[in-house]
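Chemist: This is what each chain is made of:
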Amino acid sequence: MKVLSVDDSSIMRKIIQSTIDRLGFEFLEAENGQHALDVLKEHYQDVGLILLDWNMPVKDGYQTLLEVKQDEHLQNIPIMMVTTESERSSIIKAIQAGAINYVIKPFSQEDLIMKIMAVPGMELAV
Amino acid sequence: MSQTNVKSDLDASLVNPLIKATMTVMEKMTNTQVQMKQIFAQEEYLPSGDLSGVIGILGEQGEGTVALSFPLPLANIVVARFLGTKPEHLSSEDRCDGIGELVNMVSGQAKAALSNESGCLYKLTLPTVIQGAGHQVTSQAKGAPFLVLEFESEGHIFHLQLSFKRY
Chain A
1 MKVLSVDDSS IMRKIIQSTI DRLGFEFLEA ENGQHALDVL KEHYQDVGLI
51 LLDWNMPVKD GYQTLLEVKQ DEHLQNIPIM MVTTESERSS IIKAIQAGAI
101 NYVIKPFSQE DLIMKIMAVP GMELAV
Chain B
1 MSQTNVKSDL DASLVNPLIK ATMTVMEKMT NTQVQMKQIF AQEEYLPSGD
51 LSGVIGILGE QGEGTVALSF PLPLANIVVA RFLGTKPEHL SSEDRCDGIG
101 ELVNMVSGQA KAALSNESGC LYKLTLPTVI QGAGHQVTSQ AKGAPFLVLE
151 FESEGHIFHL QLSFKRY
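Each protein sequence line maps, in turn, to chains A and B. Taking this note's numbering, I'd label the letters of the first sequence as residues 1 to 126. Taking this note's numbering, I'd label the letters of the second sequence as residues 1 to 167.
Hints in this document: simulated from the structure, not taken from any laboratory. Among the hints, a few may not be true.
Which bits of chain B does chain A cover? Going by a derived footprint, with three or more residues having C-beta under 8 Å, they are [what the hints assert, rightly or not]:
id: 1; stretch: 64-72
id: 2; stretch: 78-84
id: 3; stretch: 91-105
id: 4; stretch: 111-120
Since we're looking at a predicted model, the values are computed, not measured. Here a beta-carbon is modelled for each residue, glycine too, at the ideal position from N, C-alpha and C.
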């Protein structure tokens with residue numbers, strides 16, 4: 001099972017990778033939404049979760065969420081937003097677009113682990 | 001530059017969330033204890049530290065700039081802890097990326113406070129990082145004063161500066 005982290009901050013991807021490694025999943029990364037869609041073309045059958053930042057250059061997380069949910073090959077992959085966007089309206093917008101959960105930065109590693117483990121299918125790999 | 005009689009468009013409804021956000025982000029992501037030292041307003045940006053993470057806040061009812069500035073030794077400490085490594089193992093890219101992400105997190109809280117207060121949505125620009133002693137930051141809110149929040153951590157002073165103009 002692979003987890004794809006999409007964040008324009010390399011340091012955030014490294015922090016998330018340490019959590020994914022700890023959980024025993026394989027780690028994939030992308031630095032923006034367009035890069036994520038490119039990675040998914042090759043790996044979508046093995047990806048069990050996408051961790052998606054919101055504010056990114058090239059293609060932002062919300063647009064990426066919409067495009068993933070409109071793609072018949074990708075739409076069943078769970079997406080969790082991991083973002084500084086903390087307004088209630090943003091959370092509702094993402095959930096209505098199909099995000100399965102929402103992590104607001106700053107977060108602790110324990111916060112992230114608990115939310116990843118709550119995603120259907122992700123508890124089995126540990 | 002004057003610190004007296006400088007009137008800012010910022011009030012406690014925004015300042016308190018900024019203080020809380022700075023302390024929460026630093027403590028939660030970098031495991032550093034932070035003390036609030038003082039708050040003052042200046043007509044211009046206060047040159048501070050060796051590098052600053054800078055981000056713009058844009059909305060229908062106002063715009064502004066947030067700058068989070070650190071001296072190099074403290075930047076190395078907080079980014080190393082952020083990443084779970086030692087300061088000597090940090091690259092320049094790590095340091096800039098880490099400071100950019102910290103200002104992004106703090107500004108996200110400020111943006112939420114502004115949105116909650118006004119009922120109007122605000123957006124953040126992508127963070128940039130400016131390096132060099134004595135570097136300057138120009139506010140997107142031309143002519144608006146800077147509110148300077150001074151903190152201390154690990155024996156070093158660092159500043160969060162916010163300039164904001166309501167339309």
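Chemist: Any of the earlier hints contradicted here, and which numbers?
Modeler: 1
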